[in-house]
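> Please take these sequences and the hints and turn them into a complete structure.
There are 2 protein chains.
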Amino acid sequence: MDLNTTFAQVQKASRQLQAAGDERINALLKGMADAAIEQQESILEANREDLARMSPDNPKYDRLKLTPERLHDIARDMRKVASLPSPVGRVLKESTLPNRLKIRRESVPFGVIGVIYEARPNVSFDVTALCLKSQNACILKGGSDAASTNRAIAATIHDVLQRHGMDPHVAELLPPTHEATAQLLHADRYVDLIIPRGSGNLIRFVRENATIPVIETGAGICHTYFDRYGDTAKGARIIHNAKTRRVSVCNAMDCLIIHAARLADLPDLCRMLQDSHVTLYADPPAYSALQGRYPDTLLQEATPEDYGTEFLDYKMAIKTVEHMDGALEHIRHYGSRHSESIVTEDQERARRFCRETDAACVYVNAPTSFTDGAQFGLGAEIGISTQKLHARGPMGLEEITTYKWLIEGDGQTRP
Amino acid sequence: MDLNTTFAQVQKASRQLQAAGDERINALLKGMADAAIEQQESILEANREDLARMSPDNPKYDRLKLTPERLHDIARDMRKVASLPSPVGRVLKESTLPNRLKIRRESVPFGVIGVIYEARPNVSFDVTALCLKSQNACILKGGSDAASTNRAIAATIHDVLQRHGMDPHVAELLPPTHEATAQLLHADRYVDLIIPRGSGNLIRFVRENATIPVIETGAGICHTYFDRYGDTAKGARIIHNAKTRRVSVCNAMDCLIIHAARLADLPDLCRMLQDSHVTLYADPPAYSALQGRYPDTLLQEATPEDYGTEFLDYKMAIKTVEHMDGALEHIRHYGSRHSESIVTEDQERARRFCRETDAACVYVNAPTSFTDGAQFGLGAEIGISTQKLHARGPMGLEEITTYKWLIEGDGQTRP
Numbered sequence: 009m010d011l012n013t014t015f016a017q018v019q020k021a022s023r024q025l026q027a028a029g030d031e032r033i034n035a036l037l038k039g040m041a042d043a044a045i046e047q048q049e050s051i052l053e054a055n056r057e058d059l060a061r062m063s064p065d066n067p068k069y070d071r072l073k074l075t076p077e078r079l080h081d082i083a084r085d086m087r088k089v090a091s092l093p094s095p096v097g098r099v100l101k102e103s104t105l106p107n108r109l110k111i112r113r114e115s116v117p118f119g120v121i122g123v124i125y126e127a128r129p130n131v132s133f134d135v136t137a138l139c140l141k142s143q144n145a146c147i148l149k150g151g152s153d154a155a156s157t158n159r160a161i162a163a164t165i166h167d168v169l170q171r172h173g174m175d176p177h178v179a180e181l182l183p184p185t186h187e188a189t190a191q192l193l194h195a196d197r198y199v200d201l202i203i204p205r206g207s208g209n210l211i212r213f214v215r216e217n218a219t220i221p222v223i224e225t226g227a228g229i230c231h232t233y234f235d236r237y238g239d240t241a242k243g244a245r246i247i248h249n250a251k252t253r254r255v256s257v258c259n260a261m262d263c264l265i266i267h268a269a270r271l272a273d274l275p276d277l278c279r280m281l282q283d284s285h286v287t288l289y290a291d292p293p294a295y296s297a298l299q300g301r302y303p304d305t306l307l308q309e310a311t312p313e314d315y316g317t318e319f320l321d322y323k324m325a326i327k328t329v330e331h332m333d334g335a336l337e338h339i340r341h342y343g344s345r346h347s348e349s350i351v352t353e354d355q356e357r358a359r360r361f362c363r364e365t366d367a368a369c370v371y372v373n374a375p376t377s378f379t380d381g382a383q384f385g386l387g388a389e390i391g392i393s394t395q396k397l398h399a400r401g402p403m404g405l406e407e408i409t410t411y412k413w414l415i416e417g418d419g420q421t422r423p
Numbered sequence: 009m010d011l012n013t014t015f016a017q018v019q020k021a022s023r024q025l026q027a028a029g030d031e032r033i034n035a036l037l038k039g040m041a042d043a044a045i046e047q048q049e050s051i052l053e054a055n056r057e058d059l060a061r062m063s064p065d066n067p068k069y070d071r072l073k074l075t076p077e078r079l080h081d082i083a084r085d086m087r088k089v090a091s092l093p094s095p096v097g098r099v100l101k102e103s104t105l106p107n108r109l110k111i112r113r114e115s116v117p118f119g120v121i122g123v124i125y126e127a128r129p130n131v132s133f134d135v136t137a138l139c140l141k142s143q144n145a146c147i148l149k150g151g152s153d154a155a156s157t158n159r160a161i162a163a164t165i166h167d168v169l170q171r172h173g174m175d176p177h178v179a180e181l182l183p184p185t186h187e188a189t190a191q192l193l194h195a196d197r198y199v200d201l202i203i204p205r206g207s208g209n210l211i212r213f214v215r216e217n218a219t220i221p222v223i224e225t226g227a228g229i230c231h232t233y234f235d236r237y238g239d240t241a242k243g244a245r246i247i248h249n250a251k252t253r254r255v256s257v258c259n260a261m262d263c264l265i266i267h268a269a270r271l272a273d274l275p276d277l278c279r280m281l282q283d284s285h286v287t288l289y290a291d292p293p294a295y296s297a298l299q300g301r302y303p304d305t306l307l308q309e310a311t312p313e314d315y316g317t318e319f320l321d322y323k324m325a326i327k328t329v330e331h332m333d334g335a336l337e338h339i340r341h342y343g344s345r346h347s348e349s350i351v352t353e354d355q356e357r358a359r360r361f362c363r364e365t366d367a368a369c370v371y372v373n374a375p376t377s378f379t380d381g382a383q384f385g386l387g388a389e390i391g392i393s394t395q396k397l398h399a400r401g402p403m404g405l406e407e408i409t410t411y412k413w414l415i416e417g418d419g420q421t422r423p
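So the protein sequences, as listed, match chains S and B.
With the first letter of the first sequence counted as 1, position 278 gets the number 286 in the numbering used here; the numbers rise by one all the way through.
With the first letter of the second sequence counted as 1, position 358 gets the number 366 in the numbering used here; the numbers rise by one all the way through.
One or more of the hints may lead you astray.
Copies of the same chain look alike in the list, so a pair counts if it fits in one copy or across any two.
What the hints assert, rightly or not - Pairs of lysine to aspartate or glutamate, DMTMM-like flavour, derived with a Cα cap of 25 Å:
id, residue 1, residue 2
1, Lys323, Glu216
2, Lys101, Glu114
3, Lys110, Glu389
4, Lys88, Glu31
5, Lys101, Glu406
6, Lys20, Glu364
7, Lys88, Asp42
In case anyone wonders, no lab produced these hints; they're calculated from the structure.
What follows is the structure, given as structure tokens:
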């Protein structure tokens, strides 16, 4: 199937969206929120079909599952997006040249954004709301596990778009096939940006195949370095929060790096993790320090594979270093440039850690669990970028706009 | 040859650069400017070797050629870059959460930037200066035509780096081979950004092969739309300046789109082009309007290939449209999203053109020849982006930085 006709229709529809005002778009988003509640029976029915094809033991099962409560939260989030200021039309720079030429740099939508994601069907609503709010048309490519649910959600959205006199192609759902993904990744004539949301494998595939600019999101291999001059009580709280607040998210901590001079404090630093049954994969010095002071059943010797692993589970690696340089080097080698933290009372070492750690978010005496668009005051979040081009860390509405230079003259020429 | 060892050395050196202060870097840039003058004999000698391998009739010959005057200009530009404020360490956002967590978004270097370019050896100096000023290490991949000159320039730069106690790997020149380009495009572990500068073919090759984020630059297919309500005197000046100021640069105009109701004014609009011997490729209505009123030898009937062509020469296509919609559609189809202009006295139509034209720079009553970093007040320019991710239009020092979120706490945890 040649999807270029579809892509061209989306591009055409994006122009209608760009001409629409923010008020009209907000009404549309509120209409979508209402429809998510009013038409929940058809969405939940489709969701039951998808769930019937998956074993409840599959870790994806819970992410796939929609409930009236979850639809309620989705609707609330869409109303929230409608209440935010428009990210379009912000004047980013402005000047008048000596020749009276007026130059202005103004935020504008990208045009068409393609989003590729996996099992979570709520993404279909979330992404559509954020794209429409920023006046970007969107092409959604969801996973096959959620195919029925996504079709029902797309039908709901199209119904609202039609009732509001908006071309339904502003939010298009592709078939859940690899062929569709491949065509999307090469649609440079029609699509301005691709955002893959999901596993490292998906992101790697997109990076290697896309001829369209990509913002990589998601994979978070996050470290906390407990420095020679760290405070034990703060460290224990930070490690516990970073590891256990939500283990399935990308900002969860994967590895504790401990300064060798502080191994005696390791049992205290890990004590709170016992209650959450966190398994520790410790290198020999850390293992010795913990032995007999952490439950045997939850303590293992680390293998090389335990470092650089995003656990997404109640598991954590521990690495001992002789110097701060070792910690910086370990993070450089194994980190995914997402979120990294240092616990120290030494300001100079904190500054050095901030400068030399190449990551979207660098923390001093705070847990990586804070990496989140809402926490950072962005109002909403379409993903967490782990690349450096365009947007880094949590991305809100402003991050899915680009800009245009507008130059107004009166017949001036350049000498 | 495996270049990964080299790439790793550059990455390591980039950290020394990030730890250096702006003053030290400015001293380095001034040292490079001095060396470009003092060591000009070895650079010019190498340049003569390159020139000897090329026919003086080759259009690249002039771009390849260095002279004492050109080296003087290069040195002046490097001193200018040294005088600019550092683009690193700017606080882009700052807030304190109710829990007293301090969050700051601060500009930082990308790390390592790869620049791929063709015949112009001055790019080796320009790019190195801009990258070092923004505390980015750079990997230069110049064209084989300029191989000797680039080697001499790299030797000069390395000499200065060494004298200033800076790891010479902060500016690395690759061999001028396709193999080197291929390895660079896949060095995602070591290189943070690729900027191709040159022909459309080079840019397409990079887009299709890079697994590293790319900023596309350069190709400019630029239109000027003379609207139904355009002022003829302004239009004639704007068209002449956009087409003839410098025909070899990307902001030069390639196609005039004229509203059919104003065909009678076409001879006046084109009159100034005669003096520069601009050949016009006109569609039938424009051809008829010009026949007998523009030199026969410079007037031809347009073929389909004349539209969407970047002439880089004293040539210009003319397209007639019945409505403004036709102009917008023509630009959408043939433009390269670089610079587009409308000549009109109708404010409403000007606004619509600005909104609906998808280009980095959109002009009203001014020529596209103004698209330039210095003109736009950026102080210096590393290229003109024709993509929408990260930077659009002229890119200065700020555009070759990214940012980091820095979060400072005192043991706070997220509920």
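> Next step is simple, just say for each hint if it's right about the structure.
Hint check results:
Taking the shortest Cα distances, Lys323 and Glu216 never come within 25 Å of each other, neither inside one copy (30 Å) nor across copies (39 Å). Within a single copy, Lys101 and Glu114 get their C-alpha atoms as close as 7 Å, and across copies as close as 18 Å, so both meet the 25 Å cut-off. Taking the shortest Cα distances, Lys110 and Glu389 sit within 25 Å of each other only across copies (20 Å), while inside one copy they are farther apart (34 Å). In this homomeric assembly, Lys88 and Glu31 come within 25 Å of each other (Cα to Cα) only inside a single copy, at 14 Å, whereas the closest approach across copies is 47 Å.
Proximity of Lys101 to Glu406 under the C-alpha cut-off of 25 Å is found in both arrangements, the shortest distances being 15 Å within a copy and 13 Å between copies. With identical chains, the CA atoms of Lys20 and Glu364 are at most 25 Å apart between copies only, with a shortest distance of 11 Å across copies and 45 Å within one. In this homomeric assembly, Lys88 and Asp42 come within 25 Å of each other (Cα to Cα) only inside a single copy, at 13 Å, whereas the closest approach across copies is 58 Å.
In the structure shown, a violation is registered for the earlier hint numbered 1 alone.
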